[in-house]
Every structure is written in structure tokens, then in C-alpha cells.
Amino acid sequence: MKTLEGWLVSLLFAGTAIAGVVYGSGIRMPELASRHGAGIDAMLAYLLVTVGGLFLAGYLALAYFIWRGVRRAEIGPRFATRKTEILLSGALGLGMAVIAEGGVLAIGMPVWQEYFAAATPADAITIDVTAQQFMWNVRYPGPDGRFGRTDPRLVDDSSNPLGLVPDDPAGKDDVVTLNEIAVVVNRPVRIQLRSKDVIHSFFLPNFRVKQDAVPGMTPEVVFVPTRTGEFEIACAELCGLAHYRMRGFFHVLTAEQFENWLRLQSAAAGGR
Amino acid sequence: MSTHVLGGPPRSPHNVGPAPVEHEPGFIRRYVFSTDHKIIGIQYILTGLVMAIAGAALATLIRLQLGWPEHHWLWLSRLLPVGMPSGVMTPEFYLAVVTMHGTIMVFFFVSFVLVSGFGNYLVPLQVGARDMAFPFLNMLSYWIALLSAVTMLASFLVEGGAAAAGWTAYPPLSAVAAAVPGSQMGQTVWLLSMALFIASFTMSGLNIVATVFSVRAPGLSMMRLPLTVWSYFIASILGLLAFPPLTAAAVMLLLDRHFGTSFFLPSGLIIANKVLPNTGGSPLLWQHLFWFLGHPEVYVLILPALGIACDILPAFTRKPVFGYRISVWCLVAVGCLSMIVWGHHMFVSGMSPFSGEYFSLVTLTITVPMTIFGVNMLASLWGAKLQLTTAMLFSLGVIALFGSGGLGGLFLGNATADMQLHDTYFVVGHFHMMIGGVTLLATFGAIYFWFPKMFGRMMNETLGKLHFWFTFAPFFLIFFMQHFLGLQGAPRRYYAFTAFDYLQKTRGQNLVISIAAMVLISGQFLFLVNFVWSLFRGHRAAANPWHATTLEWTVASPPPHGNFDAVPVVQRWAYEYGVQTIDGDFAVQTVPSVSA
Amino acid sequence: MNALADDITLREDQMRLGLWMFLATVTMLFAAFTSAYIVRRSGSDWRHVALPPILWLNTLVLGASSVTLEIASRAGLERRWRAAGGGFAAALVLGFGFLAGQIGAWRQMVAEGVYLPSSPHSSFFYMMTGAHALHVVAALAVLLWSAAATWSAGRDVRAWDAQVGLCRTFWHYLGGVWVFLFALVSLY
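Chains as they are written, first to last, in my numbering: chain A, 1 to 272; chain B, 1001 to 1596; chain C, 2001 to 2188.
In case anyone wonders, no lab produced these hints; they're calculated from the structure. Among these hints, one or two may not hold up.
Stated by the list, open to error - Footprint (simulated), chain B over chain C, 3 or more residues, beta carbon under 8 Å:
| hint | segment |
| --- | --- |
| 1 | 2029-2036 |
| 2 | 2042-2055 |
| 3 | 2076-2084 |
| 4 | 2123-2134 |
Bear in mind that the values here come from a model prediction, so they are computed numbers and not experimental data. We put the CB at the ideal spot given by N, CA and C, even for glycine.
In isolation and in its complexed conformation, chain A is listed as follows (with noise of 0.2 Å):
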């Protein structure tokens, strides 16, 4: 009975480790879409092999010892010396330092140094979205490139959601659009973050970008998607009622398809 159980413990925890990677292995992120998000997948990539490992391996010694621990009669004759200990506890603290800290040293912070480091290339298309309670309101600054200027008291959620100031000659050609992002396959994209009542966060799935939309502040992403396609925006901060079907849509286009795109919404907007 004893060595019955024995048995069925040590397969338990074998058969969930087995069957964890098993069931992990046919998992599959959402498909890549973005330059840096290459390196986000390599060093999950990393991860998932090494932890995968580690993982396996030590339930497997875990099932080993039950299943050899229930067959004793005597506990073993010998004891660990502090030696032993030292040894085998140092050995292992490294090499988890390693695994970890060089995972990260090593793929990680390229990749984030990348990310956040490196000035925002000349030709990125730069768009303003800016979040609210349960949308994502886009403003593309038109020809002269430069966005108008908004006040708060001037918000209207259904013929001003921005607040944009009437007299403002920069927003005069300012395109809105409600939900909808274009941009243009294997140019850089850069978009500035803001919210208008509670924390947001605009989260590509595919493109591997994640940034909180903070009332108050004004942060950047900063990516160049490389492939054409439909996606979704996802928010990725708890923000009320709503939040679980705060979507917006991401198109990424072909240079010609994006001028259209871009003509269209701003004669959808008509003039102001």
C-alpha cells in the first residue's frame, strides 16, 4: 500500500511536469509584428527553454526521491556534511545567477536599451493617442506635422473629445480619428501616451508594446511594425466598467494605402 502510494505520488508530480511542457510547448504567442519585438521573443524564448528545463528537472528528482524514499527502510547512512552543503547550495545559487542574470544581461538589455535608448528616427510617423474611459481617441498632426493645442475645459465627448483649441492654426489640419491606427509597414512608428481620466495602458499583442497611458504624463513608444495586416489595441491597466472591451483597431498599411487611409478619416472628420 505503502509503495502504492509511493508510486502514485512520485507520478503525479512527473506526470504534471510532463504534461506541463507538453501543453506548453503548443502554445503560440501572438504573431510577431515588430523589429523589437524579435528580441522580446528571444529572450522569452530563452526563458521558456531554460525554466522549461529547470522545471522538468526538478520534479523529476522530486518524483525520484518520493519514489525512492517510500522503498526505505533505514534512512541513508549518510549524512550531508556542511561541506556538501556549501557546495552543493553555492553551485546552484550560481548557476541560477547565471541562467537568470546572464538571460538577462546578455539578450535583455540590449533589447530595452534599444527600446528606450535610441533617438526617434527622422522618418517616424509620430501619433498622438490619447485614452479614456472606454476609448482610444488617435490624432494624426497633418501636413505641418505639428499636433494644436488642447485645453481640458474645452472637452466635449461627442464634438470635442480632445479638447482641441478652436484657434490653434497647428490643429487646424489635425486628423481624429476614434479606435483607428494606421501606419505604414517598415517605418517607424512613434506614439505619445495620454490619458484623460484614469490610468490606461495601450497594449499591441503583436507588436510586443505595452505603455501605461498615465494621467498627468506624456510617455513614447517608439517601434516600426514589419508586417502589413489587421490588429488589435488591447488596455492593459484596470480602468473601469469597461475595460475589457476597450479595443481599438491597428491597421498597418503599405505607403499608398496609408494616404488613403489618411484622406479618408480627414475628410470623414470634415472641415472645422
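On the provided structure of chain A, position chains B and C as indicated by the hints.
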């Protein structure tokens, strides 16, 4: 009722010196308003278990919603007419349920049962003391804790319902009443409850630290203490130092909410079509203050779990724990490191990228002591003669979940990886495995192990083992899968995944998780039945049914008021297994050492 | 071996340890307020409000109460109970005087139209001095307890020594916190 939790006449309330006999106090002073640490410990445990039932009920609601998003649960609409009209949960109720599930489980279940409950019960016994250093303060801490729990539950009944901004309560969502219904009075009641909780926890923490420092029995040096005591000692110091910034933040949030200040609220906020008059505040300030507590808090919860597992393991391997001294240093190291890594919760918050690098590199150093500690637990099984009692099964589960959950930390502490995983189900899977899994299994292990000592009766082993099987397997399945939901991009705190194309394929996985959750929660009835039944009908327990070495096993089950007849004199360290003495293959700490 | 004396020594040690840990917690609270203050200070809308001069008087009063408390405890340790009793009375009066002065300061500010939300500086001022005042209320209770023990004829001398040690530590600590807070809100 033939169960009893205190044997014998009461003894001197002083922690040292002779024990004059006093007249027997009545039932109320013995079992209700008692200053006896054992009664207070049991009070915390029982209160925590009741709160766990509330927390589990909330979890059931969450999984019903996520597993079957369009289903009408008509029988629930009768129980919860406001939250689930015609059987479908409203988003506002869902957010309140999520917020309160987290708050209740972290503070009112794990902290109550594992940290305050078992901490109060075990620490004086294991250091050979008659009681805690400050017994009256201890009693006060329990009643304030109970008040905080009742207050938190009462928040469901106020206008707008319970707080709904997540247990993390980020402003402006938590600061402005119109931002979400729970931010009306619910959030205020939440803050008041937390203030009471922190006061109670501070009193408890002071007691544990003072007791370990100053009331240890003669011969009990720090390096002879059980790892349980070490873990409570460090966890208490952490709590004392880490909670005050949350107190400060809570005061500031209350002022922002009700007195027009702008600690966290910037200018130009437009909520419910009104421009708010606030200026200049920083939402990030809340995050820094909250996580300054929030990160050490999870170590406050998990350290006792690990310490307890290290006490239970050797009793059923009949060998000492592997690497005791090193494990002690690991606990100290983790305690210290945990105070300087809070920013890993804020990698995409708008915090400077340079801070992100710092927090990432330092966070990952925690892998070193935690790996060593985990390996020490695993290595304790080497050469062991295993007895698979229920307590042992749960302790093995602790090792397993600590390993898999801890490895998830390598992803989240890595700033680059976290860019994709922040605020997704990867985080939910990780923290549930750690502060839901490791702590839950350790709690059960502790109950099965020390129930005989506390109540003088044995729990039923068959039911206990069934309970383990019904707990470990579904628990692992649920939270392992959630890591992968996160990798697939599923964000946290979503009422449903039905609004996004890219999340449609998670539907099947969510269904599987919800079914497993129902199995998990049903399995807990095995435990409740066992617990209650054994209180009245369990076999009588001897003083040392597990042949364990620490001091609590030298006194009767249950111990009398005042614990020890004479102050024990400690001659050995805490894990003297594998030696031959007249008692068998172990030596209790008070047995004289052969080598002088 | 004098078991009772050992008992009291242990008690003293425990109370002292408990107090120091409590003070560590209180320090963390004010450290949190201070770091929030420093962060907020760099904001563009920071407006320093004029603080009422009575605060200087309050500082002197609090300092004087610490001095009289020191004199009282020295006297008590030398068993000069009348002097000690007098010193405690003075410390109490000055302590309550400090609180009254703080309330006076807040009322003066309100009269000038400077309220809690008027500017970040005023928000922090009210909040931090309010938190400090709450702790002073607790410390006054401790002071009263020690004073009562000093005035009563049947005092337990050894217990008194321990008690007054705690009382002094707590009181001087809060005096130190006040000086720090006052400097912070005035100068920075």
C-alpha cells in the same frame, strides 16, 4: 463539547520564574478574551478560515463568469439580485468581486491564518516561552484584526458596492467616485479596514520580534531555532518596516478622495464629463508607495510557509533538513533584498527606463537565495525514509509549487520579458502559485501537522490524503495554464475575453480552468468536514504523535496555559533526527547532548 | 537569585525592544511622507505657503518640555521625588501647550484662507503635522502614566525606572521628528 484547547490550571502570566497557581477564570476569559497566545492563534486561524470561505466564494464567481461568459445562472440571481440580475454578472460586480477576492485572500486569509495564526501559536512554544512578550497587546491585535475583517466584508453593503479598483487600488480609478461604482464609499471602507489591519499586524509583529529576541529558553541560541521561528522573525521585521508607506499612501488617498487634495491626482482630469479641480498630483507616487509595501508583503506571506515546510519535512524523512545554516542566511538575504526591488511591478508604468534596469538586475538576484532554499528543501529528501502522511504530502506540494511558481519570477523580474507579460494572466498565474499555492499548501500542511497539538485530537488521514489529491492537481492545472494564457496576450481583470478576436482561442482554456476550479473548491469540503469532525471525534492525540524534535512536542496535546511546567533547557538544534536515543531515531531539543 | 528582579529586567528589556521597533515603524511612516514630499516638491505647481510664526513658539515649547522631562527623570533616578513630580507636571503642561499651539497654528492658517487642498505644500503641512500631533497625543498618555507613577506615594521604584526610560525615549523622539518636519516644510 469534549474537545478542549487548554489543559490544566492557569499558570503565571510572566514568561519566566515560578508559576503560582491562580483561580480558574470563566469560559469568556479562557476562550474569548484570552491573552493566551494559543487561544489567540486559534482565533486568528478560525477567523481566517471563515474569510477563506468568503474568498473562495468570490473565486467561484470569477471562474463562473470567465468559464461560461454568457450563461445565465438563475439560482445565483436570487442570491445576488443586484450583482447578477437575471443570472448574468454585471461588470461592476465582477470588478468588485475581483478586488475583494484579492484583498480578502491576501490579508484576511493567508495573513490571518499563516502569519498571525500559526505565528502566534507556534513561536512562544518553539522558543520555550510561557507566552508572547506582550500578551495583552496580542489580544488587542486579534480584536482589531477581527474588526478590520468585518469592516472589509461590510464594504459590500455600501452604496456603489465594494471597492472595485483591484487590490492594488491605483488612483485615479480608486480616487474619484465617478470613475467606477466601487470608488464611492466602498473604496473608503476598504481604506479604513486596511488601516485597522495594519495597526493589528504591527502589534502582532512587535510581539513576535520581541519574543524571539528576548524570551528564548536557556540554551536556545539563534542557530538552534527551528526554521519556522526564523521565518516568522524575519517576516515580522519585514512587515514592521514595510507597512508604514502603505499607511501613508492610504492617508493621502483618503485625503484625495474626500478633502480635495491632489497627492495622486494630476490636473485636467475629466471624469463623468466634469473637469476635476485637482492639479499636480502623481498617480505614480501611489504605485511607488504601494509596492514598497506590496513586494515585501508577499515575502511576509511566503517566508512562514517555507519555514513551516522545513519543520514538517524532517519529521517524515527522519533526517535533518539539508543546509540549515545556509537556509537561515537565505531567509535573511531574501528579507533584505525584498525591500529594494518594488519597481519590478512598474516596468511599463512610465517610470524611467534606467530605474527599470536597476530594478530588473536587483530583482533577479533574489533567484539566488530562493533557489538555494528550494534546493535545500529538495535535498532534504535525499537518503530519506519517507512517510507519506497528509502533512508530508502538502509539504512536498510546497516544494513543487515553490519551484514552478518561483521560476515564473525569472520572466517577470526580467524587464524586457515583462514588457509583454505585465498585467496579463502570466502575472496572475505566477502570484497564485506563490502566495496562493505555496502558502495554501503550507497552511494545510500546518493544520494537519499541528492540529493534534492544538486540539488534542488527530485528523482523519484518509480524508486528508484525498484532500491533497483534490487540491494539488487542479491547483497546478489552473495556474500553470494561466501562465500560458498570459503568453497568448490575455490581460488581467477582464470581465470577459469575448470582445477581442485574438483572445477567442483562449475560450477553451478558460473553460478547462473553470472546471478545474470547481473541482478544487469542492475538494475543500473534504477538509472542512475533516476539520470539524475531528474536533469532536478525532482519536486522542499523544504529546508527540509525529516523533518530532521541536519544543512544542515536549508538552501535552493541547498544552496547558503557561505551556511549560518548568522552563525547558535546550541542549540541541532543532532537527536532531537520525540519532539513536531512548525515544527512538530522534532527539527532542531538550534531550542532553552526548558530546559535552 | 532574585527571580523577581530578573523578571523585571527581562520586562524592561522587552519593553525597550518593543518601543524601539515601534519607533522604527513610526520612522518609516514619516520617511514615506518625506519622500512623497520630496517627489512632489519638484512639481511645477509647487507653491510655498507662509507658515504662521507661532510654529516657532511651539517648537520652543516642545523643546522645553523635553528639557523639563529630562530634569524630572534625572531627579527621579536620584530619588528626589518632589523635584521629579514638579518636572513631570511642567513637561505635561508644556506638552499640552504644544498641542494647543499646533491647533492654534492650523486655525491661523485657515483664517488666512490656507486650507488642506490649497496647495501641495499646505496639503503636506496639515497631513504631516496632523500625523505628528496624533503621535504626540499617544505620547502624552504615556507621559501622564509616568507622571502618575511619579506623584503616587506607593510607587514601585524599579518599575518606575523602566517606565520613565520608555517615556523619555518616546517623547524626545517625537521632539526630534518635529524639528525635522518643521525644517522640511519651512526650508525645502
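We went through each hint and held it up to the structure:
| no. | hint | result |
| --- | --- | --- |
| 1 | 2029-2036 | holds (count 5) |
| 2 | 2042-2055 | holds (count 4) |
| 3 | 2076-2084 | violated (count 0) |
| 4 | 2123-2134 | holds (count 3) |
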